[in-house]
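J.: Residue-level listing of the chains:
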Amino acid sequence: MKKVLIVDDAAFMRLTIKTIMDKIGNIECIEASNGTEALHRYKENKPDIVTMDITMTDMTGIDALKLIKEYDPKAKIVMITALGDEAMVKESIILGAISFIVKPFKDDYVINTIKKILAI
Amino acid sequence: MERGYVMSDQFTNEPMLDMYIFETSQFMEQLEQSILNSEKESTFTQEAINEIFRIMHTVKGSSAIMMFHNISTLAHTMEDIFYFIREQKPELINCTKLSDYVLEGIDFIKVEIEKIKAGDVPNGDAAALIEELHAFLSELKKTNGYAENLKTQKKAAVRPQQYYISQDKTKILDYKYIFKAVIFFEEGCEMENIRAYTILHNLKDYTEEYFSIPEDIINDEDSAEFIQENGFTIYLKSNHTYEQINEFLQQTIFLKSLELLKIDDVEEYNHTKNYSKELNYYTVSDMPVKPQNYDNGGDTRRNEVSKNSQPSTVHSMISVSVLKLDKLMDLVGEMVIAEAMVTQNPDLKDLVLDNFQKSSQHLNKITSELQDIIMSIRMVPLASTFQKMHRIVRDMSKQLRKEVKLEIIGENTEVDKNIIEHISDPLMHLVRNSIDHGIEDGVVRVKHGKDRLGTVTLEAKNSGSDVLVIVRDDGKGLDKEKILKKANEHGLLYKKPEDMTDREIFNLIFLPGFSTNDSVSEFSGRGVGMDVVSKNIEKIGGSLSVDSIPDKGTTITLTIPLTLAIIDGMNIKVGKARYTIPIVSIKESLRPNIKNIITDPDGNEMLLIRGQCYPIIRLHERFKVETQITDFSEGILIVVEQDNQTICVFADELLGQQQVVVKVLPSYLQKHHKIKGLAGCTLLGDGSISLILDVVGLIQI
Chain G
251 MKKVLIVDDA
261 AFMRLTIKTI
271 MDKIGNIECI
281 EASNGTEALH
291 RYKENKPDIV
301 TMDITMTDMT
311 GIDALKLIKE
321 YDPKAKIVMI
331 TALGDEAMVK
341 ESIILGAISF
351 IVKPFKDDYV
361 INTIKKILAI
Chain P
9 MERGYVMSDQ
19 FTNEPMLDMY
29 IFETSQFMEQ
39 LEQSILNSEK
49 ESTFTQEAIN
59 EIFRIMHTVK
69 GSSAIMMFHN
79 ISTLAHTMED
89 IFYFIREQKP
99 ELINCTKLSD
109 YVLEGIDFIK
119 VEIEKIKAGD
129 VPNGDAAALI
139 EELHAFLSEL
149 KKTNGYAENL
159 KTQKKAAVRP
169 QQYYISQDKT
179 KILDYKYIFK
189 AVIFFEEGCE
199 MENIRAYTIL
209 HNLKDYTEEY
219 FSIPEDIIND
229 EDSAEFIQEN
239 GFTIYLKSNH
249 TYEQINEFLQ
259 QTIFLKSLEL
269 LKIDDVEEYN
279 HTKNYSKELN
289 YYTVSDMPVK
299 PQNYDNGGDT
309 RRNEVSKNSQ
319 PSTVHSMISV
329 SVLKLDKLMD
339 LVGEMVIAEA
349 MVTQNPDLKD
359 LVLDNFQKSS
369 QHLNKITSEL
379 QDIIMSIRMV
389 PLASTFQKMH
399 RIVRDMSKQL
409 RKEVKLEIIG
419 ENTEVDKNII
429 EHISDPLMHL
439 VRNSIDHGIE
449 DGVVRVKHGK
459 DRLGTVTLEA
469 KNSGSDVLVI
479 VRDDGKGLDK
489 EKILKKANEH
499 GLLYKKPEDM
509 TDREIFNLIF
519 LPGFSTNDSV
529 SEFSGRGVGM
539 DVVSKNIEKI
549 GGSLSVDSIP
559 DKGTTITLTI
569 PLTLAIIDGM
579 NIKVGKARYT
589 IPIVSIKESL
599 RPNIKNIITD
609 PDGNEMLLIR
619 GQCYPIIRLH
629 ERFKVETQIT
639 DFSEGILIVV
649 EQDNQTICVF
659 ADELLGQQQV
669 VVKVLPSYLQ
679 KHHKIKGLAG
689 CTLLGDGSIS
699 LILDVVGLIQ
709 I
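So the protein sequences, as listed, match chains G and P.
Add 250 to the 1-based position in the first sequence for this note's numbering, that's all there is to it.
Add 8 to the 1-based position in the second sequence for this note's numbering, that's all there is to it.
Excised from the complex, chain P in its bound form (with noise of 0.2 Å):
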């Protein structure tokens, strides 16, 4: 695949890209999270502090080595402000603020990623954001009393070094041979001082008498370009022989040139060591030793991690990639049909087949073992969708100055993968929505002696083979007269107002077309309205209901299908036709009493069970069906109910109960012979097509 963006050439494969973008969205999240709970307690917490600095630093890492420039000095910045926290631990840190610059620079982040992710090039500009940050850290320095710049914070963790050159060994030992070697390194391969510290540190095991140019490599800033330019000079005095000697320092590692000289005159040794010490370089041996305490950062992070970190060997976990996921369960889709083409094969009609039966059932078991473990496998809890809402609730309650808090309920309950993708935004939309329009302000709210911090819950929950979505908020509630009015002025009433019943009237918000603000605001009300969020959930073969009471507030209600692919469904058929209704739907089937029958002025028939009656559908009349059975008392009634509405569907025959795999509709029935009342198809045993009814779809025409 070929993408749009700059990418150091040996880093084009997608995994890596793939897996940067995974694991980077991740971090933000998990730092969002970190942010907003440290927000809530208007302190950070160590343990924060820690994880911020880690994930920032990893980001940098990662983003670098991807060439995503602007995100890696973005992260760097943010890193050197929790560096500094780390270290120093200042007592004063204006939380709000820092926590509305990491979020801002969170934002960017996933923004970044999504051009990534789209295959656009990441060129938004943070320096803005960068400039803000220095800003603020130069601050937080300035109100805590630090006047150094971060430089020198971190140079300063790096002094105490134990570093020695034992020169007074000398008069001791006698060493043969006298070396004098000039290493240079390979050009960018970085911090060239602590390259040559490495050889120097191993050179223990050949002399204990060395010296070099530059002396100092530890704590001059300076050496490491003084030995790019310059190489590294070792003189050593050994019993090695020169063989040796250059075997060992061949092993160094970016290894440019080699230069190695044996040295025949002691005068030169010395003079040079003497010589060398009168350069700027001062003599190490001078400093004092100082025990090895720089990283107190290291230990304490060690310490407090280390609390909530699971035990590391326990890896039961792998990440697998959702394509694979998604092509498993096509294959078990299939699998699926191919059993019921076996075992209700045609040509096995009428035959008696104890064995096969036996095995057939057998078979039947195991593929539906086999699906609802894959069907497990997609399962994803709501959690981090849920979660997400905490920042909407936030930067919405800011925004519009209203005290609101989010109480999430049921965050554990799980729904497939693929519509977790569907819901996180309508959820949004509604989230937004309740906070926008539904709660009041805290002055309005105590008037009416409601607890002037406002509430929003988030709560699910499974109910059978769905799973519930309830947004609620404890706000003014909906006001009914508006919504008829409003719908009223863009003709969206269907009935007469009186003949409606309230849930009919609030369902109304879901038509195309309304919105009852009247003004925009900068976050719900941009045009789009409810209408599209009820789009999205009805994509997924989800429905949606509102409940609202006034002053008391308004609760929304997704019902979303625990999963899309594999139903369970009643076959029938209509002439020469087959359709599937999904069982969960179907309340029972009968074949009426003709008395029970009772038709209305215009017409429509309908059919009265026990004290109530129901609209009858015929299916062969909807679809225009040709069939010999028309008459109620030679077919069949099946009453199905959804949302709380009820209807009888008329056919033919009941074909019997089956698991379906859900196809969708060919995007040519779809687009141009939209056709209300058909959720999908899908492949019988003997090879034929079968139709799924959509319930709300038939009630709705």
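Isolated chain G (complex conformation) (with noise of 0.2 Å):
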């Protein structure tokens, strides 16, 4: 059983990451609404995967991905980003994430990716 962090502030988001984690199957999903909420839920549960989305409101998604990379530079971090980003994307990539989703995306695409990264 994999465990996946999703941090997202809308619980549309949330549920559809959720959803298509479920067709993976075999994966756990812990949800966080904000950066500081997230980095709670990763100490608590260790997940193998965060997927973070960059706007949020309490913290950007890249400020989140700081705190949880400090707490464990080994976190597998995935950015949850929209076209017209890619500065963001850029930074977070720097910042050590593993990799990252532009919104509008295909399942399959996320599906890939979490696999891949799960080597799964």
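Hints may contain errors.
[Claimed, not checked] According to the in silico footprint, chain G covers these stretches of chain P (three or more CB under 8 Å from chain G):
| # | stretch |
| --- | --- |
| 1 | 204-218 |
| 2 | 253-267 |
[Claimed, not checked] List time: in silico EDC-like cross-link candidates among lysine to aspartate or glutamate, alpha-carbon distance up to 16 Å:
| # | chain 1 | residue 1 | chain 2 | residue 2 |
| --- | --- | --- | --- | --- |
| 3 | G | Lys268 | P | Glu22 |
| 4 | G | Lys366 | P | Asp133 |
| 5 | G | Lys324 | P | Asp213 |
| 6 | P | Lys684 | P | Glu546 |
| 7 | G | Lys356 | P | Glu195 |
| 8 | G | Lys356 | P | Glu546 |
| 9 | P | Lys264 | G | Asp358 |
| 10 | P | Lys123 | P | Asp133 |
| 11 | G | Lys268 | P | Asp26 |
| 12 | P | Lys118 | P | Glu40 |
| 13 | G | Lys366 | P | Glu546 |
| 14 | P | Lys406 | P | Asp449 |
| 15 | P | Lys543 | P | Glu429 |
[Unchecked claim] Quick partial rundown of chain P residues pointing at chain G, CB under 10 Å, derived from the structure:
| # | residue |
| --- | --- |
| 16 | Pro23 |
| 17 | Glu31 |
| 18 | Ser71 |
| 19 | Asn604 |
| 20 | Asp608 |
In short, the hints are calculated from the structure, not lab data.
All C-beta atoms in this analysis are idealised placements derived from N, C-alpha and C, irrespective of residue type, glycine included.
With the hints as a guide, bring the two chains together.
T.: As structure tokens, this is what we get:
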């Protein structure tokens, strides 16, 4: 059983990603709706992957990425982004994000990304 | 469930659609509020701008995923505008115009969401609005002296990048192997250049000596396209083996194909490197290395939003589907009945069962607690319903050129979720009426010595088991003569005008077919009169009353039950039939002294108590039930009051008080044999059915 932490301030996006995770199967989804919560959930659950929205309320996904990376440099974080956010994505890569997914996405893309990172 | 619109195959599942609808509608309301507040302040605060930007960004994303492209495009356009405002902070913003546009956009999205809810295709065309928004943006840029289009703005933000390839180290380090890798990404993975950058970034663990074609993958806007078509080529020197490099590159996400070659000829490496420099891709190392400062917005956003965001670790709220709550409510209702069936079981009659009594009291306590809890779960504050009215007041005062402000009192008063849904439309209608017919023009108001600015007040408060919702205006008040004349014209007068109290006259406006305004304006008086309002309120067991003082204003009070499902009732018996009267409307019950019974010349019986005369309704006559008890001295009179009217109900005997679950009458009875005076029915402990009396209905008969 792998664990995925889904960080997004929009419940719709969390549900969307969770639905896709359910398709992969054998994945436990943990959700967080902002950066602070994301760090807490990360510490609690030690997820195998984090999907991180970039635009959020309390802090940007990049700040949340920094926090998680500070806590666990090995954290595997996939940024969820939109076209036009190239600069943000680049910074997150520099800061250690493992990959990124561009919205709107087909769920195959998400599945492939997650499977590849989990090596399943 | 089949839905009529096209959605990408993988997203046909309902929960996601529900969530989309729910969240997007919520966002729209939040947005509307934010716009209206900004408009009041006639400026957009940084906070509001960030919020609007963020909401539009989110809506854009989720709508695109749900394939609602018209919504997504519109949201994108609005996002662009607020992106510009956020980043460039232009000084001159036409606030009113922008508010109008955004509100229009919100309306569009709302309409589309309604279509989606109804299972229709969200096929609205926002092209005209989008064009206007584009025009607004260019205008905004022009007035504030920005010539560039938004694209360049965004690109400009991208430019200062840290990006280097350490070519100088070639001299120092000597590597064993040279590789050439050609990488193709899967189609549609987006941002190929950044994906390529990801590879280069991670490649640093394997080598420090490399270059790529295209070389500039971040700043050159065509690089993504180039990589799509020609692939991404990396030349690298490394001490790692072919297998290791291959393994590393294979991990690339969205990798479509990888061609990795070992190159033995150092010359090829150097030659290609020089050649690639001569290509149009300028060398990145020539660029000044700047610190990362592109996203001021990110930082300000964090600072400003954190001010009002709540401590996020406290997550004590969950959202639950209303369906589940309804189901739970039903079950608790069933349990109340089951409890009564057990504790009041006829088999137990005349038995002395001390322990059983104790246990059943305990059971009773728990079920009523359970009931209270489920009721409280379903309670929702009226705030959001009230807040919606701001928009209506704004639109109408603009359209009718009247200055009106809306005051809201007691918006935290809670009522059952189902009830909220039913009063939203009537309230809207009442507020519209107040502004359209009640509030006078500014000039007229000043002439009458009133404040130029009209006031509409929305108030909610608890009163026993009811909630009062009051719509009050300080306008011209209702014109009694006009109402009477109109009622007469339409044949709606049921009494001589001289005999009618003010309240009775005002209540005429709720009769079907009555509308005081001769002209039809855009907002109210579209042929739907106040009767629809009163019908809707009656549907949920509420009632309406009007008070009006000429030149001072009109007050309309909606009395709404806190909840629909379970009431405290008094069970009474007439012959073999059982009836239930809501406890809240019972004032007293008595066996009358015969001399207090008066009969008027028309044969109507009345009861005299403490100097007051109240009409008597004999239930056995009213509902044609056979009973032995027709004499007042043998039965019982129950004095009931509702809406300041009092009547006496004559029944055989009282059976006792009980909480009853209100069930609607079967549709057959409702449609074909409309019986006035019945609100519903309920199941008693012994399994018999009792009819719940509708006091208002009884009074009206």
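J.: Hint by hint, say whether it matches the structure.
T.: Verification of the hints:
| no. | hint | result |
| --- | --- | --- |
| 1 | 204-218 | holds (count 3) |
| 2 | 253-267 | holds (count 3) |
| 3 | G:Lys268 <-> P:Glu22 | 14 Å, holds |
| 4 | G:Lys366 <-> P:Asp133 | 40 Å, violated |
| 5 | G:Lys324 <-> P:Asp213 | 15 Å, holds |
| 6 | P:Lys684 <-> P:Glu546 | 13 Å, holds |
| 7 | G:Lys356 <-> P:Glu195 | 11 Å, holds |
| 8 | G:Lys356 <-> P:Glu546 | 49 Å, violated |
| 9 | P:Lys264 <-> G:Asp358 | 14 Å, holds |
| 10 | P:Lys123 <-> P:Asp133 | 13 Å, holds |
| 11 | G:Lys268 <-> P:Asp26 | 15 Å, holds |
| 12 | P:Lys118 <-> P:Glu40 | 11 Å, holds |
| 13 | G:Lys366 <-> P:Glu546 | 60 Å, violated |
| 14 | P:Lys406 <-> P:Asp449 | 12 Å, holds |
| 15 | P:Lys543 <-> P:Glu429 | 14 Å, holds |
| 16 | Pro23 | 6 Å, holds |
| 17 | Glu31 | 5 Å, holds |
| 18 | Ser71 | 9 Å, holds |
| 19 | Asn604 | 65 Å, violated |
| 20 | Asp608 | 65 Å, violated |
When each numbered hint is compared with the structure, violations occur for hints 4, 8, 13, 19, 20.
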